[in-house]
Amino acid sequence: DTGVSQDPRHKITKRGQNVTFRCDPISEHNRLYWYRQTLGQGPEFLTYFQNEAQLEKSRLLSDRFSAERPKGSFSTLEIQRTEQGDSAMYLCASSVRGLYDGYTFGSGTRLTVV
Amino acid sequence: AQSVTQLDSQVPVFEEAPVELRCNYSSSVSVYLFWYVQYPNQGLQLLLKYLSGSTLVKGINGFEAEFNKSQTSFHLRKPSVHISDTAEYFCAVGQQGAQKLVFGQGTRLTINP
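Which chain is which? The protein sequence lines are G and D, in order.
In this text, residue positions in the first sequence follow the working numbering: the first is 1, and each later residue adds one.
In this text, residue positions in the second sequence follow the working numbering: the first is 1, and each later residue adds one.
Treat the hints with care, since some could be wrong.
Straight-line distance between alpha carbons at most 30 Å, and here's what the computed BS3-like set of lysine-lysine pairs gives [as the list claims (entries may be wrong)]: (1) G/K11 / D/K58; (2) D/K69 / G/K11; (3) G/K71 / G/K11; (4) D/K69 / D/K58; (5) G/K57 / G/K71; (6) D/K69 / D/K49; (7) D/K100 / G/K71; (8) G/K57 / D/K49; (9) G/K11 / G/K57; (10) D/K100 / D/K49; (11) G/K14 / G/K57; (12) D/K69 / D/K100.
Think of the hints as simulated: they come from the structure by calculation, not from any bench.
Sequences and hints are given; from them, build the entire structure.
The following block contains the structure:
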């Protein structure tokens, strides 16, 4: 069990550029979640995958955001045409039995849009 | 819709003193309740969870929490804190049968020597 890995840890990008983040969940975890955490706030739910199927998306996930989990293992979160308001920590979590287990979170990717 | 209110944004305490971090939630359905801890520049670590049964839940690092259904509260306690407990603490609620968690805004616990 190597934990949930996220890459990169930090990303600075110019407004208008596209960025992509990667999450590698714990290998036997079939459920994967993305959350966004802005400064001084608690994490907010973005989306949820069970295996490769994206089963739930928040209204926070605008058209500029897309998430995939093509083979039911790692996941990517892409933000197109970044805006300054996208600056946040993007957290990935995984689980076997969902809320019953609680999640295991990764260390996050901190995005700064300048 | 569910919501979580953490009543204190910051709590300063002296080392070896007891501490209570307060959390109230609102939900019209049965819920699971969680406390997570976040150290600087890190992700969240699960401290403890309430699923059902005994209302007093014990977690890691000497923390415990009590579920009070009538007051819709899930306060976190530790009888004696250490410098290493300095961190941000988040209360979260999830609907039974659902997947997502709703988090409070966090309480920053600062331990003074």
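Right, here's what the structure says about each hint:
1. Of the pairs offered as hints, the one joining G/K11 and D/K58 is violated, with about 37 Å between alpha carbons and a cut-off of 30 Å exceeded.
2. Between D/K69 and G/K11 the CA atoms are separated by roughly 43 Å; this puts the pair beyond 30 Å, and the hint is violated.
3. A hinted pair counts as satisfied when its Cα atoms are at most 30 Å apart, and G/K71 with G/K11 qualifies at roughly 25 Å.
4. Proposed proximity of D/K69 and D/K58 is supported: the alpha carbons are some 17 Å apart, at most 30 Å.
5. Only pairs whose Cα atoms come within 30 Å are accepted, and G/K57 paired with G/K71 is accepted, the gap being roughly 19 Å.
6. Simply put, D/K69 and D/K49 have alpha-carbon atoms about 15 Å apart, close enough for the 30 Å limit, and the pair holds.
7. Using a Cα cut-off of 30 Å, the hinted pair D/K100 and G/K71 holds, with the two alpha carbons roughly 22 Å apart.
8. A threshold of 30 Å between alpha carbons decides the hint, and for G/K57 with D/K49 the separation of about 24 Å falls inside it, so the pair holds.
9. Our distance criterion of 30 Å between C-alpha atoms is met by G/K11 and G/K57, whose separation comes to about 24 Å.
10. Restraint check for D/K100 and D/K49: the C-alpha separation of about 15 Å stays at or below 30 Å, so the hint holds.
11. For the given pair, G/K14 sits about 26 Å from G/K57 by alpha-carbon distance, which is consistent with the 30 Å threshold.
12. Restraint check: the Cα-Cα separation between D/K69 and D/K100 comes to about 21 Å, which is no more than 30 Å; the hinted pair holds.
When each numbered hint is compared with the structure, violations occur for hints 1 and 2.
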